[in-house]
Amino acid sequence: MKKLLAALAAMCLLAVLPGTAAAAEPAKKVIKIGVTQSVDSMNPFLAVRLVTGSIQRMIYGFLTVPDSKTLKPSPDLAESWTTSPDGLTWTFKIRQAKWSDGQPITADDAAWTFNKMMTDDGAKAGNGPAVANFASVTASGQDLTIKLKASQASMLDNPVPIMPKHVWEKIKDISRYDGEVYPTVGSGPYIAVEHKKDQFVRLEANPDYWQGRPKVDELQVIFYDNPAASIVGLKKGDIDLIGRLNPPDFESLTGDDNIVQWNTQGRRSSYLQINHGATTSDNKPIGDGHPALKDVRVRTALHYAIDKQKLVDEVQNGLAKPADGSIIPPLYKDFFWEATGDEKVTFDLAKANKILDDAGYKKGPDGVRTMPDGSRKLQFRFSIHTDTPIEDKLAEYLTGWFKEIGITLTTKRLDSSKFTEETGTTALFDIAISGWSVNPDPEEVLGTHLCSRRPTASGQGGGTESFYCDPQYEDLYLQQQKELDRPKRAEIIKKMEERLYTDAPVIALYYPNDLEGYRKDRIASITPIPEDKGLLYGGSGYWPFYTVQAVTAGESGGKDGGSSSGVIAGIAGGVPVLAIGGFLVMRRRQGAADERE
Amino acid sequence: MTVTLEAPEETPARHGLLRYAAAKAGGALLSIAMVIVATFFLFRMLPGDPVRALAQGRNMTPEQLDLERARLGLDKPIPEQFVHFVTQTLRFDLGDSYEYKRPVIDLIGERIGSTLLLTGTALVMAVSLGIWQGARAGWKPGSRFDKFSTAISLVLWSVPTFWLGLLLLMVFAAGVGPIPGVFPTRGISSVDKPDGFAGVLDVAQHMALPCLTLVAVVYAQYLLVMRSSVIDEVEHDYITTARAKGLRDDDIRRKHAVPNALLPTVTLVFMRIGFVVGGAVTVEAIFSWPGLGQLFYEAIRVPDFTLMQGTFLLITVSVILMNTLADVVYHVLDPRVRSA
Numbered sequence: 001m002k003k004l005l006a007a008l009a010a011m012c013l014l015a016v017l018p019g020t021a022a023a024a025e026p027a028k029k030v031i032k033i034g035v036t037q038s039v040d041s042m043n044p045f046l047a048v049r050l051v052t053g054s055i056q057r058m059i060y061g062f063l064t065v066p067d068s069k070t071l072k073p074s075p076d077l078a079e080s081w082t083t084s085p086d087g088l089t090w091t092f093k094i095r096q097a098k099w100s101d102g103q104p105i106t107a108d109d110a111a112w113t114f115n116k117m118m119t120d121d122g123a124k125a126g127n128g129p130a131v132a133n134f135a136s137v138t139a140s141g142q143d144l145t146i147k148l149k150a151s152q153a154s155m156l157d158n159p160v161p162i163m164p165k166h167v168w169e170k171i172k173d174i175s176r177y178d179g180e181v182y183p184t185v186g187s188g189p190y191i192a193v194e195h196k197k198d199q200f201v202r203l204e205a206n207p208d209y210w211q212g213r214p215k216v217d218e219l220q221v222i223f224y225d226n227p228a229a230s231i232v233g234l235k236k237g238d239i240d241l242i243g244r245l246n247p248p249d250f251e252s253l254t255g256d257d258n259i260v261q262w263n264t265q266g267r268r269s270s271y272l273q274i275n276h277g278a279t280t281s282d283n284k285p286i287g288d289g290h291p292a293l294k295d296v297r298v299r300t301a302l303h304y305a306i307d308k309q310k311l312v313d314e315v316q317n318g319l320a321k322p323a324d325g326s327i328i329p330p331l332y333k334d335f336f337w338e339a340t341g342d343e344k345v346t347f348d349l350a351k352a353n354k355i356l357d358d359a360g361y362k363k364g365p366d367g368v369r370t371m372p373d374g375s376r377k378l379q380f381r382f383s384i385h386t387d388t389p390i391e392d393k394l395a396e397y398l399t400g401w402f403k404e405i406g407i408t409l410t411t412k413r414l415d416s417s418k419f420t421e422e423t424g425t426t427a428l429f430d431i432a433i434s435g436w437s438v439n440p441d442p443e444e445v446l447g448t449h450l451c452s453r454r455p456t457a458s459g460q461g462g463g464t465e466s467f468y469c470d471p472q473y474e475d476l477y478l479q480q481q482k483e484l485d486r487p488k489r490a491e492i493i494k495k496m497e498e499r500l501y502t503d504a505p506v507i508a509l510y511y512p513n514d515l516e517g518y519r520k521d522r523i524a525s526i527t528p529i530p531e532d533k534g535l536l537y538g539g540s541g542y543w544p545f546y547t548v549q550a551v552t553a554g555e556s557g558g559k560d561g562g563s564s565s566g567v568i569a570g571i572a573g574g575v576p577v578l579a580i581g582g583f584l585v586m587r588r589r590q591g592a593a594d595e596r597e
Numbered sequence: 598m599t600v601t602l603e604a605p606e607e608t609p610a611r612h613g614l615l616r617y618a619a620a621k622a623g624g625a626l627l628s629i630a631m632v633i634v635a636t637f638f639l640f641r642m643l644p645g646d647p648v649r650a651l652a653q654g655r656n657m658t659p660e661q662l663d664l665e666r667a668r669l670g671l672d673k674p675i676p677e678q679f680v681h682f683v684t685q686t687l688r689f690d691l692g693d694s695y696e697y698k699r700p701v702i703d704l705i706g707e708r709i710g711s712t713l714l715l716t717g718t719a720l721v722m723a724v725s726l727g728i729w730q731g732a733r734a735g736w737k738p739g740s741r742f743d744k745f746s747t748a749i750s751l752v753l754w755s756v757p758t759f760w761l762g763l764l765l766l767m768v769f770a771a772g773v774g775p776i777p778g779v780f781p782t783r784g785i786s787s788v789d790k791p792d793g794f795a796g797v798l799d800v801a802q803h804m805a806l807p808c809l810t811l812v813a814v815v816y817a818q819y820l821l822v823m824r825s826s827v828i829d830e831v832e833h834d835y836i837t838t839a840r841a842k843g844l845r846d847d848d849i850r851r852k853h854a855v856p857n858a859l860l861p862t863v864t865l866v867f868m869r870i871g872f873v874v875g876g877a878v879t880v881e882a883i884f885s886w887p888g889l890g891q892l893f894y895e896a897i898r899v900p901d902f903t904l905m906q907g908t909f910l911l912i913t914v915s916v917i918l919m920n921t922l923a924d925v926v927y928h929v930l931d932p933r934v935r936s937a
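If you read the protein sequences in the order shown, they are chains X and H.
For the first sequence, the positions run 1 to 597 when the numbering used here is used.
For the second sequence, the positions run 598 to 937 when the numbering used here is used.
One chain only, chain H, in its complex shape (with noise of 0.2 Å):
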């Protein structure tokens, strides 16, 4: 994908740019700042004693929860607790999960790497899949193409994505009628999972069904708007100047209008990859994959007021960090956020 740009003034403008990322940058670091006193304090406000929870149903005696309690430093007064948090934090150590009763950075590191596989493909798969269309759909608007492929992707938009989820799995997992039951109804491998290009092929067979719903509720976003960013390039004058130049219709869309029209699509890009990092809780959690998303859903279920904590930290850092990234990286692709 090459990006024509005027050809900015060398020095200025990198100056320039160390600046505004500063900037943003600066910004970023405040924003995490509030996060991280936010955090604190939205989990301490949710209703419920966590250690009553841990309790429930199983036979403690008041000794124990109380040692319980102290175990998790609940008995200390909250200001107490407060100022732990944050110096924990700012060590990069999230704690000790309630209920796992391990430290919640070893957790996240074990579960981050599936849930980047599957998010991350079904990212790039949802964002070639909406450029692509959404490039046809808006070179021609009106046309048959372009309101089969809208209607439809709209449609999946629209439709929950558990539903979905639940649906697709009854019907390739399970089997319905003459459709085979081909791919597998739970998590990212087979137990007795082959070694080599075999386990791979198991990997990818374990990640055909969620992948296919995630990309199926999301695409039709980079398809709009990459669609409507064609629909605005088609009206240039460069395009006429293209045609009369006698290039293919096929070249001038790829060539001319898709890199200009990308723009748009970028930044949306770069502020879902913040959300990457967050899973697809449903998704996980329909197809038992053992991800951050599902390890969040037992968090709130048991609920594990640390993994919480760091979990949502986790998320919204890099929700925060792919923003700033998307504000610099939009500043060098276009000129035009240089000046304003």
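With the rest of the complex left out, here is chain X (with noise of 0.2 Å):
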């Protein structure tokens, strides 16, 4: 038994000692950057989440991507493109440039990777609907054409990488196939080069990027399960950047000065969903909403009753901007619009109490309203998840404004499977919490909010933010979807958010910030995107990464003595174990010397 204990003691010894890798420190320049998030496929047919969106823009190129400073399309392999006059199709010139293997990109490879996606099923698990709309594909050496169905202005934010055909064609069936191939062959400016499981994804810079090779020679993507980890991780140097914090872990990182808090815009918007009377896709009610909700009045009444500066402060931490507009955050300047004048919804209970008394909402004894035929008291549930503290604080506040104009809210918590079926199938709410991160181009999130996205009766089909069916929102999105001329079409996407604040199916909230962290003494310079207030990670395309720069060698003097204190502090730490461990060894020989007596 001793025998065992000293052999683990021993163990946890060399355990305390720092590794022999910390000492010989690599020349290279390497950023390490923490994610909450691990990689789900590193196949891009297959692959979801956001993280491995993020690693997929370093590795393949786009037929576009976002411009850093206006984030209007820009060339990305394709460096230019014309439309027939009918908006249906669409030919794109593929740049004169090589894959990592050097085999050289030609239309065909773009051409070959949608219709991949077009015809076998199995690959639309990553983006099908960016092909959705897709007629045919074809390619003559450099030039890509496509047909398309119906025209699509948000034709030039396509998400789908373009994949090497000489490399992936020979994959018979890539609905099964995990893409854990290394060095992968790509177009970006980084190749993976390793990938371990729910541990970390190693990137290398691409000698032979087109723009020129990224500026540092190595990323790595680590990946923490727990957010309270990746914030030791940052402090102490384990990782060198972090985005996507929630306020209280960005507020700890104050007062460590190799830390930059990074707080911009954000690109996503909290709102409440209303069910406004939900119906499915053949228009049958569904779900068991209150009456009173299908009255635009009380869903105004309730907009009126919300003072959004205040959650922003108490809920958020002031780390939000609060929503005078709808769905688009004001990152997306371009697409972005926020009520003026008398449409403007500002914090007023009396106006809101107006409101419902003219409506014919009289209050009760107890001061609740009934409906105008008094058969039902103006009760509503508030669905939020069970594990986010800050809907709870959101729920308190809304109560307690709710009850100041004759209304009862009553928090129902649910898990998350449970409350996406209650809010998104169902129907089984009167108010839930939600939200959407926005891309560049806001086709997506309008979608979600359209008369076919609401599901069948018996939850089929779906993908509805709101359960919304508006003739007139209906139009504008046809017109969008027309509409080439870029300003023209943000006129048209505006009006859509208008039309979604004064309806009020659902009620924007506020848009919270971008919060990250980064360390000084290991990035020199990273730029945003769009370069102005924009975001490090999580943000559109590869940029941030790719101009991001490290400290070098010479500048890191606090680097060195950080490492050099980490041995002594190892050696310091070790001493208590070795002596517990010599005092275990020694007990063991005097075990065996009373053996022997």
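Do not rely on the hints blindly, as some may be mistaken.
Quick look at which bits of chain X chain H covers, simulated, 3 or more residues with Cβ under 8 Å [claimed, not checked]:
1) 30-43
2) 192-204
3) 223-230
4) 351-363
Note that these hints are calculated values from the structure, not bench results.
The beta-carbon is built from N, C-alpha and C at its ideal position, and this holds for glycine as well.
Taking the hints as your guide, dock the two standalone chains into a single complex.
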């Protein structure tokens, strides 16, 4: 037994000694990005997670990429493009460049990628909707021709990475292929060279990248299962950057001189989803929403009873912007719409009360309003997730304000899958919390409020964020799809946001800030996207991690000091363990001596 | 560890053992069959549509959602799904994960090694520590050592794993005041893991904190069981006899009392071995340990039915198998069980 203990103690001792790897620091410039999501699949035809999407952006070229300044679609693998007058035929000129294995990139690669997705159901899991409107894709030399079924203004925000045909056409069953072959053959600024499941992905600079080699030699995308541990990792220097922080974790970085707290506008909007009379895709009522919420006056009164600034201050610790618009956040300034003048809803309980009084919802003796016909009290359920304290806090404030206008709000906590079902398929809710991260082209988020996204009675289909079905909104959606002139299209999209704002099937609460942190003793400079107050991790395109520059060895005095103090610390920590180990070994010897006696 | 037992009569005992083992194995098979059936229905009863959950927050057309349902076999009636599940499982095929789009058996295979390494090491350490302290504590109940070690182990036993893990992480990985942050904050190895012996050291360094957390929260049970059985043994006549022979106190404890007192602990250890496979979901989550616990946690978060089913089956089956083994081993170790 003691032998065992001694052996284990020795192991502990070894474990305490700092790894020899730290001592032999390579001259490579390495940037370590922490993420709290693991990679789901290295096969881009299958992967759906944000982290994987970000990695794909660094490995593969796309037809276009959002411009780093304006976020307008700009050339990537497609160096130019033309559109037929009817907007149905798009011709892209593919750049003369090389795959990382030296083969030339041709339009045939792009055509193969899209055709694979159009013809093989197994290849649709990752980005299926992106080719749903494609009628045919053909290639001739460097010219790629895509014929559409209907016009689609979002064509230039195509999210499909272009894959090397000569590598991927050999794969028989793409739906079960894991893509774990390294180094990957790609056309982006980095090449994936190693992936350890649930641990990290290692990317090396692509020396032949058509825009020039990135300024660092290696990127490591390191997975943390636990955000608290990732914060410790950043403070300690195990990682150099971490994005998508929540307010408390972000605030815990305050006071660390080596860490830059990155606080800019984000790409997400948080809103309330109101069950305004949910229906299925064949227009039959579904769910058990409160009838009062079918009345736009009630929904507007609720809107007036929400103090968004207070929510930002108290629920988001001030790290958000109150929403005077709708589902598109101000980060996308071309498409962002904000209410002004009379249309603007401000926190005004008296006005909310007046709207409800005028609409005939009279207060009972208990202060709770009833339906005009007296049939039901205005008691609404507020559906939130079980595991998010922020939503509990939000519920407290809403309950308080709604009480002031004679409406009882009770909180209903649901685990996430039940929540998704009740608020997205079965419509068993009155008011629910929701949100959406918006892409540079807002078509996707706008599409979540279309009639066609409502589920069937048996729960098939779906994808709605509101059960909304409004002729005016539908009409505007079709218009913006056809409008290829960006400013004109933006005007139509703004009208859609205005419609959502005034009809209130959803009520936007705030736009959470993009909260990140990075070590300035490791990262000399990094350019966000968009360059003016944009995102580092989780934005669109490869820009931040293509431009990132590491602090060179000469400047990083602190770092070396850190590693040598680590050695001292290791030795100091090792002493007690050594003592215990020694004690146990001694005991064992003594025991053996005893036995011999 | 030698166990002093009366020599059993050779043939009938062996015969009895085989029959006993066969009966136990039969029972285990029955349990496993029930687990397979229960697993299927348990995970079908969970709320939420897995396809909707997969589609949460992303752009999916209704056609694509239906395509996903077909891919996952969810468009078929429940009885058909059930028959498919059972035949598949009997062929050791646990299906394809919804989220990772790969065979569940492969996903498990990739992670089982790191889980066994962590939980196995922790089990050995916890058992050794528990038995050692328990034996000494039970030998002189009420002594300072007894009070001290029992109290500490009980405090650690009642501490929430998540809290202890995070605390250790904050103190020994980040470093607080004079305490240096020597240990890494995550994972099983560094990204630039060196080869050879240095690589082993690297893994050991990564394993120290998760292992310590696991040991700290569980060793109390071995300590307490060991302690109480040693207390029982102390009163027996053979101990008095040994004393009368003039043996050293330490020797009496080590060579006479402890072997006899080990039996209940052995059962406990075997029962715990079954759980080793299940890993330690919490500890793996805190230290980002790439094992089965983390996989199970991810599966629940999605929710990924096939992955949950697969990991759940693996865990329950290994617990059943180890319990059966414990029964058989106990039968071998303790003659009294045979007559019962």
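For each hint, the structure was consulted:
1. 30-43: holds (count 5)
2. 192-204: With 6 residues closer than 8 Å to chain H, the segment 192-204 of chain X meets the three-residue bar; holds.
3. 223-230: holds (count 7)
4. 351-363: violated (count 0)
Figure legend: structure checked against the earlier numbered hints; the only hint not met is number 4.
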